[in-house]
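Undergrad: Sequences are here, hints too, so could you generate the full structure?
Going line by line, the protein sequences match chains A and B.
In this text, residue positions in the first sequence follow the working numbering: the first is 1, and each later residue adds one.
In this text, residue positions in the second sequence follow the working numbering: the first is 1, and each later residue adds one.
FYI, nobody ran anything at the bench for these hints, they're computed from the structure.
A few of these clues could be false.
Take a look, some chain A residues computed to stay more than 10 Å from chain B by CB distance [as the list claims (entries may be wrong)]:
| hint | residue |
| --- | --- |
| 1 | Gln-132 |
| 2 | Val-140 |
| 3 | Asn-146 |
| 4 | Asp-152 |
| 5 | Glu-178 |
Each computed DSS-like pair below joins lysine-lysine, with the alpha-carbon atoms no more than 27 Å apart [stated by the list, open to error]:
| hint | chain 1 | residue 1 | chain 2 | residue 2 |
| --- | --- | --- | --- | --- |
| 6 | B | Lys-187 | B | Lys-106 |
| 7 | A | Lys-70 | B | Lys-11 |
| 8 | B | Lys-112 | A | Lys-102 |
| 9 | A | Lys-85 | B | Lys-27 |
| 10 | B | Lys-27 | A | Lys-88 |
| 11 | B | Lys-106 | B | Lys-198 |
| 12 | B | Lys-54 | A | Lys-63 |
| 13 | A | Lys-123 | B | Lys-54 |
Model, not experiment: these values are computed from the prediction.
Positions of the beta carbon are idealized from the N, C-alpha and C atoms, including for glycine.
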Amino acid sequence: MFLLVNFASLENTKCTFDEISRTKISLLMAIYSFWIFDKHCNCIFDREWTLLSNSSSGTINSKQNEETAKLLYGMIYSLRSVTQKLSKEGTNNEVRSISIGKFRIHTYCTASGLWFVLLSDYKQASYSHVLQYIHSHIYVKYVTRNLLSPYDFAENKNETRGQGFRKINNRNFISTLESFLAPMILQ
Amino acid sequence: MAVQMLLVINKSGGLIYHRSLDAESDKGLNSNDYLILASILHGSFAIASQLTPKALQLSQSAAQNIDFTVPYIPYVGMPRGRRGGQDKNRSNSSLNSSQGKLGSFKGDDFFKDAFQSWNRSGVRQLCTDQFTMYIYQTMTGLKFVTVSSQGALSASHTGGSSNMHSVHVADNFLRKIYCLYSDYVMKDPFYSLEMPIKSTLFDQKVKQMMENLA
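TA: As C-alpha cells, this is what we get:
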C-alpha cells in the first residue's frame, strides 16, 4: 500500500516535471516555418519545423505543403491588395506582418517579385532584418550567383501562374539557411 | 494610436458601416471599393484559420499556453476631461458625467475588467509601412476593423515587450465601439439585421470616440 502511494506520487512528480519541461520548450519556440515565393506565384522553397525540441525535424520542399503554400500566398496577396488600395498615392506600402490568433506572419517582398515569408510566434514584433539578411546574404549568394541554378524557376509558360513545381534544391543554400535559422527555433 | 478609419463587417462579410475621420484618407476610394475591401478582409480571415503551423497543431500544450485575455486599458477613447475629473477638477466631474452619458452603461467607462478575445484563429493585426490595421471579432461573428496611422516604421521603435500593447489598446477601443453598437444599433426598431447602419446617434458617438483617441 505504502509502495503504491509512493509510486503514485513519483508518477505525479514525473508528470509535472514533464509538463514543465514541455511548457518551457514551447515557450522557447520562436519560428514555425519559412517560405519563398517567386514572381510567377509559385512556392520555390518551403521549410517547416514540426518538433519543438529538434531543429532538424520537419519538412523541406514537401508535397504536403503545396495546399498550405497556395493558401498562404493567396492570403498575403489579397491583404497586399488591400494595403495598396488604402495607401497614400504615389508611395509604396508593403505588408510587414500579419498577426493571426496564435502566430504571426512576416513578409519581405523584393522588387524582383520574390516574397520571403516567415511564420513565427508573438514574441518578436519584426523579423524584417532577418528576412532581408536571408535575401541578400543567402539567396543572392547561393541561388542568384550560382550558374548551375536556374535563373527563373518557371522554365516554360505552363509553369507560370502558380502551376510550377520546381524548388530550390541547392545543398549550400539549404545548409546555410538551416544553420542561420536554427538558433531562432529555440530562442 | 490615432484612428483614421472604422469599418464594421457583418457575419456574412458585408460592410455595414464605414467612417473615416478625415476626408484625405477617403481619396480615390468609393463606397464600392470599401465593400470589396471588407469582403477581402472577411475572406482572408477564413483562410487564416487554415494556416496554423504544424508545430502548433501537434503540441496541445503550446496551443493552450497562448493567453487570449485582453487586459483592461483605462479610458481608451474616453474624453480627456473625464480622466482629469477624477482627481483634479472635482467641480467639472458632475458636468462631464452629465455631458457624456454612456448610453445604457453606468459609470465613467463601459467596462473595467479584462476580457477574452474571441478572435482566436483570425487576423488580429496587419502591420504595413504606413499604417496598422486591427480587427476585433465578436462571438457572433461581427468584425470591427480600425486603421491606425502608425506604421511599421514607427512601431519598430517600441520594441519587443510592448508589441502586444497596441493590439490590446485597439481591442479595448473596438470593444467600446461594440458597446455603442449594442446600444444604438441593436435597440433601433428601424434597423434590420445585417443591413447598413444608418443610425445618426451611433455615427455621432463613434465619431466622438474616434476624435477622443486622435
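Undergrad: Taking each numbered hint in turn, which are not upheld by the structure, reported in ascending numerical order?
TA: No hint contradicted; all consistent.
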